[in-house]
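Keeping their order, the protein sequence lines are chains A and B.
Each residue of the first sequence is one higher than the one before, starting from 5 at the first, in the numbering used here.
Each residue of the second sequence is one higher than the one before, starting from -9 at the first, in the numbering used here.
Just the calculated beta-carbon pair ranges, DEER-fashion: (1) A/W190 - B/P36: 32 to 40 Å; (2) A/V178 - B/D157: 30 to 38 Å; (3) A/W237 - B/R135: 24 to 32 Å; (4) A/R210 - B/F262: 30 to 38 Å; (5) A/E206 - B/V236: 24 to 32 Å; (6) A/R70 - B/A96: 53 to 61 Å; (7) A/A197 - B/F264: 39 to 47 Å; (8) B/R267 - A/P150: 53 to 61 Å; (9) A/F201 - B/F262: 38 to 46 Å; (10) B/A34 - A/P149: 34 to 42 Å; (11) A/R147 - B/R135: 18 to 26 Å; (12) B/R95 - A/W237: 37 to 45 Å.
Partner residues are not named here, just some residues of chain B that face chain A (Cβ under 8 Å, in silico): (13) R102; (14) R103; (15) D111.
Keep in mind that the hints were calculated from the coordinates and are not lab data.
The beta carbon of each residue, even a glycine, is placed where N, CA and C say it ideally should be.
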Amino acid sequence: MGAGHAHRLYRHGHSPVHRLPAHTKIAAVLAFVLTVVATPREATWAFGAYALLLAAVAALSRVPARHLLTRMLIEVPFVALAVLMPFVAEGPYVEVLGMSLSESGLWGAWNVLAKGTLGVAASVLLASTTELREILLGLQRLRMPPLLVQIASFMIRYGDVIADEMRRMRLARVSRGFTARGVRQWGVLAKTAGALFIRTYERGERVHLAMVSRGYTGTVPTADETAATRAQWSFAAALPLAALAVCLMGWWTL
Amino acid sequence: MVDAVTATDPRDEPPNEPVNDPRTDPRGEPAPPPSLDVSGLAYAYPDGHQALFGVDLTVARGERVALLGPNGAGKTTLVLHLNGILTGGAGSVTVAGLRVDPSDRAALAEVRRRVGIVFQDPDDQLFMPTVREDVAFGPANTGLRGAELAARVHEALALVGMEEYADRPPHHLSFGQRRRVAVATVLAMRPEILVLDEPSSNLDPASRRELAGILRSLDVTVLMVTHDLPYALELCPRSVVLGEGVIAADGPTRDLLCDEALMRAHRLELPFGFDPRSVPPPHA
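Just chain B, with the same shape it has in the complex (with noise of 0.2 Å):
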């Protein structure tokens, strides 16, 4: 078994493009700090349940990483600490510099707002009455109001190409349509990192290609928790394995995906028929 985490080590390299992005950089410095600096993460829920073992994860600017393992593997676990929702184990979260303090309310604020989580179910993340006040809800916590937030909202509804049902009532969209617009309502807050969680299901396969430009178009660092490896494979050159708590391998996701036996141990499995040597590289 290859050890992916030492084999390649893709902080070394920069980030797949140049990133020149004034909202979330004003300065222009030289080296931005990473999007995400997870160090020694570990968590046991309170009724005792160990979920991590002290998780290290550093995901530079502007890449797109995807987080694979089986269910039970701690994911989710891994995903509510990145905006602060779960808190009080040890180790750290550092979100583009700012570290993640539960006591410190303004901070906290910030961080939410620099990581986008993307549910897995729409419907969970879109409870206001229409499109449009649902995108303005993010925003609007932070603050924005008039015709700043109204321009945000319409800024976040076109990068998923979905302005024209901003009056609509959510749950007269199609699936896709309102997984786009969680996407959306997230966007709308200008995150620092996107963390989606199982964005590909339950999507049909031309939802699930419409999606998959959609990521690809926008210009943010992402960090996808999905089964879905053909997916991975398609959008993020970067893996990351989590198996019982920490992080197993980290490496250029084709390399993963053809360690058999890292494969195996992790009860990922390819599609039948699915051979990730077969398709071009994911380009960034």
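Extracted from the complex, chain A is given alone in its bound form (with noise of 0.2 Å):
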């Protein structure tokens, strides 16, 4: 495949994290994610030694710490949410720096911070080793209904084709001396939202012709026969089953 056009998520790469066929990652990221939401939050080491095999994979997909850590931030929104339930939570409370908290809101945002944080980073590893068109490729191989992987392939072909008419309208505006300032600009936004909405339908119309003309019957058939071997199923494995480990563990202290 070619290499340089990739997604910006994406690290080309040909670790043994990278050759493996895109199905079993996404096997393994899932059955992973469900393990760390499944483990108990008060067994606060298991998600110390998760954190620790998702390191063991990142070393061994040769993804530099930086890249995924700044691609992490995407969590921060979700973060902030977390940091408030403290403050808003019922129960018995705690002083802490001062501050009163809810003790269940603790154990709540801290929950919310470990498992979510866990299931991110397992996510941009995914995709920092895993080119976009495989991850769907590989949706497809673990039967996800075609309707959903063709609306997915759909948006990343015309994510930028839309993204470059968002940007000729802008100029449009820019030329024609409009500056965003406050809210009584947004009219001329919404209006261009709904512009480019109308085109975008349009264009879905225009492409759908396109498909019909050439035989398009409902399905996108795809010459794909990439089969995973055992030996590749059972390293994907490795993780997840890891992680299972720590689950029952944590289970079992508890």
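Both chains are sitting in their own frames, so use the hints and assemble them into the complex.
Here you go:
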């Protein structure tokens, strides 16, 4: 596959993790996340163990920590919600740094923060080692409904086209002296968004016409014959199995 | 005004090239049916607007024909009838002997394989993540798989000189390259007739010339919808003018372009300084 034109999340490489078929990786990440979510929040050490497991996978994939950490910043808005919880939750209160915080709220915040961060980290790791196109093919191999795969694949194909159109509309606005300074200008922006929506809708119709002209009847045939070997499946399963052991230990020691 | 329809009838002449195409005609019949035979085609849109009023058009195998006409003359409506996307009006369309019949799904699928439409905006035509997958889309819909499919994709990309771009996403190609890939997506279905909607629009002069070279090199019937009259003259020995929903003129491209009354009547204008008499006649 051509390098250099990949998505911003992806980092080109040839590690064992990169080489795994996409569907095994998706299944592994999903199983890992479910295991993490099923872990009792009081078993704090378990979350450290999960983090170590992910760090091991990251080391194996040779994706630099900086690449992963900067992309994990996507989580920040969700963290804000978690931070609020100790202030708004009910129950017995504890004194922390001179503030009276809800104990259950603190546990809740920890729960969201730890599990969320691990989930984001696992997903970023998947996206860094798997091309976007491969992820879609992987989902298809995992029997995700073809219509959803088609919609996602159109989103990827036309995202740039629509962003381009948006950029041209912005240039046209600016060229005629428009600057968005405040609420008064929102009307113009809303109309631009409306025009963009209609253009996109019409493009959708034209694309459909072009598809029907080439014999489209509802399914996109793919000449995809990638199958994972038993060895590849077991390699991919290493992460969720290790996580499962940690999870069971977590329940055991509770 | 010359009545070009009766003045010359290119159907009386043999096709410009000896066509011996084993792909489309394995039996090698002496007189293959015309690639396209439209007769009495009339159509009104559901909102009542009538676009076609009885179109008769025959295109012999191997011919290259330009379809000229001002905006709103019904060119797009006619094109969408050729592969059965629009149906329901009067008249008939026959593609290499197979009648377009919306109630016969198998026949319709075969018609869509035989009529390859290249739409004006390549971004509408190229909807798959990579060039290779897009070119494979059509033949895969006809049931091709595996090595056969890969060979077909390679063949089609080679015809337009885009083999090395097979794994690129379409939006990383130049406009001219995208237009060429759009042609390849249709060639991959080994069509009987290639229908091009404004093939030279938005192309820079070099891409325009390259595309002309590609179209000339193809061994396929071509119907080219265009406003680019010099391009029509360069590529198509024969032209038809669609005006107000009927074929208003049909004849050698140069004769039509030199008929000032006809041109004026259909809002067709040559570019400034262009004299169709001063260029060598198109050769097939």
